[in-house]
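First to last, the protein sequences are chains E and V.
Here UniProt numbering is used: the first residue of the first sequence is 1, the next is one more, and so on.
Here UniProt numbering is used: the first residue of the second sequence is 1, the next is one more, and so on.
Derived by calculation from the structure, the hints in this document are not laboratory data.
Treat each hint with caution, since some may be false.
To be clear about the criterion: a stretch of chain E counts as covered by chain V if any three or more of its residues have a C-beta under 8 Å from a C-beta of chain V, and this derived list gives those stretches [said to hold, decoys possible]: (1) 211 to 225; (2) 240 to 246; (3) 258 to 268; (4) 307 to 320.
Derived EDC-like pairs: lysine to aspartate or glutamate, alpha-carbon spacing no greater than 20 Å straight-line [said to hold, decoys possible]: (5) K141/V - E204/E; (6) K58/V - D15/V; (7) K18/V - E7/V; (8) K51/E - E70/E; (9) K58/V - E219/V; (10) K51/E - E204/V; (11) K141/V - E100/V; (12) K51/E - D126/V; (13) K51/E - E179/V; (14) K51/E - E61/E; (15) K18/V - E189/E; (16) K58/V - D9/V; (17) K58/V - E7/V.
Glycine is no exception: its CB is placed at the ideal position from the N, C-alpha and C atoms.
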Amino acid sequence: MNGADDWDGRYTAADDEQLLKLEAQWRTRFERVTVPEPSRQDTFRLIEVIKEIGRLESQREAERQEQAQEQYQEQAQEQAQEQAQEQAQEQAQEQAQEQAKEQVVNAASEPAESAEGFILRIVSLLRSQWNFYGIRSWLLTCIAVGATGYMAYNGYSEWNTSGGLHLWIFGLTLVIIGGIAAAFRPRDEGTMILQQLGKYSLLEQTLTRFLLVTCFQLVIALPLSLLLYKEAFGMPLTAFLYGWIVPVLAVAVCAFVLNQWLGMWPSAVFLLTVWSLSLAGSEDIEWLQGLADMSSPYFMRIRAVMLATAACLLILYALRQRQWSVKQ
Amino acid sequence: MSGLFIECDQLVKEDGGKRSLSGVSATFRPGITYLIGDNGAGKSTLLRLLTTIIRPTKGRLRFREYDQNRSAEEAWRDLPLREVRQTIGYLPQHFIGYPEMTTSAYLYHQALQKGISARTAGRELDAWLTDASLLAERGTKLEQLSAGQRQRVGLLQAMLGNPRVCLLDEPFESFDIMEAMLFRYRIQQLARRSTVIISTHRLEWMDEGEQDRVIELAEGRIINSSVLGN
């Protein structure tokens, strides 16, 4: 349609057609979209926020560009021994610009470093899981380890030292594993999905948590048990370490594998049942006394069985994982 | 890195005898695609399947990338499952996260999970929080945040690291007009280089970008699919 000045007061068929088209377009738009009208203040605030974001991004971009330029200049200096300084500067500028461009495209955060090394990957994974549990929780767990160790020692040392040690080593390992598993449990399906999206698979995450728990046990609880129990047993240090470390490792491996196969709660119930039965039966069944009593002839054998069971479970688990991956 | 092409082929999802998706076939491209439909139409189920964590009862999903710098025969590449999972950002319908974690601890953890280096995450954390107007809540536990604030944290974590595929389930729920406009702007920016799929029943927040698409679902089936600009 022409402007108002050119209009001769008569509608043509083409005008009608265009009006009908416009009407249809606006009708569709109104029927489909009813955008709430932002107030004038809303609009000004939004503009301010977007300006602020733009300002922050340009600031970050400038910082990145500066960093990139510095990085390149360092590299360029090393290479520039044979090349003319002018060429190096040109390259530096080009590369810095490219790097800056890439970083701008990546906006607020850089994407996963794809070419990172194995060690860096492990460190990042450990850091992520350590950070998840939080320093406060780790400290509280330390205090709990100390308190329960002392209580077990006081409660049992007078009449059954080996029982106290047994209670502490096995029970505490299970309690810590249970506590950490509970802390990491996803509360709903959405969180469960989020937990599995990302750089590290759920398997890697779970394995790292168990590793952390085991190391934590060895670093915190082992020295404490040396202080509390060694005197009571009067045993050689190597035997004590063997007697201590094997059950912790075996329980951690069993908990990990069962957790993967059965889920958190069934495996926790299973392990607690086995532990309670072994504790209850250690008075009457001779070989069960070997779990904690170093003077028992079964002490070494039962630990060898524990190690063998843990190794078998791990191998079986790895084989099943492999088969599953092939099917995938 | 650009967005991925996602091909769904006859996706069926049954839960306890109830069929929530009945043979959905669609291709999602880089840019924004809106999933609309009534409650129970299957929007959230489809998004959950697209995360690849929940498996379909039947059907197939393919994640493909197109590299124009390669020859025509090698330009298309199917991404393996593990790689796909590293490229997806997801906002669940009712985002909870880990209620006892503080906002900053949660975002830091999510950043590390997505492979962002600890140094970068530490350096950028305040900037992310500022962008989402959450700086004042950095030490607040997620359970103590208001619904809108928690939703902002959810959206922020979904968009961290600029995922190549971003699945957002009702992203503007619990938002006031300002928050919704701000995040719509952010999502539009992300969609320039990612495949963004938004499930929504608030049609007023749909853009009418030239290339944005809309897929309408009803009773677990696609009943309409079109480009919004048309």
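Consistency of the hints with the structure:
no., hint, verdict
1, 211 to 225, "violated (count 0)"
2, 240 to 246, "violated (count 0)"
3, 258 to 268, "violated (count 0)"
4, 307 to 320, "violated (count 0)"
5, K141/V - E204/E, "violated, 27 Å"
6, K58/V - D15/V, "holds, 12 Å"
7, K18/V - E7/V, "violated, 24 Å"
8, K51/E - E70/E, "violated, 28 Å"
9, K58/V - E219/V, "holds, 17 Å"
10, K51/E - E204/V, "violated, 24 Å"
11, K141/V - E100/V, "holds, 6 Å"
12, K51/E - D126/V, "holds, 17 Å"
13, K51/E - E179/V, "holds, 15 Å"
14, K51/E - E61/E, "holds, 15 Å"
15, K18/V - E189/E, "holds, 18 Å"
16, K58/V - D9/V, "holds, 9 Å"
17, K58/V - E7/V, "holds, 14 Å"
Consistency note: the structure conflicts with the earlier hints numbered 1, 2, 3, 4, 5, 7, 8 and 10.
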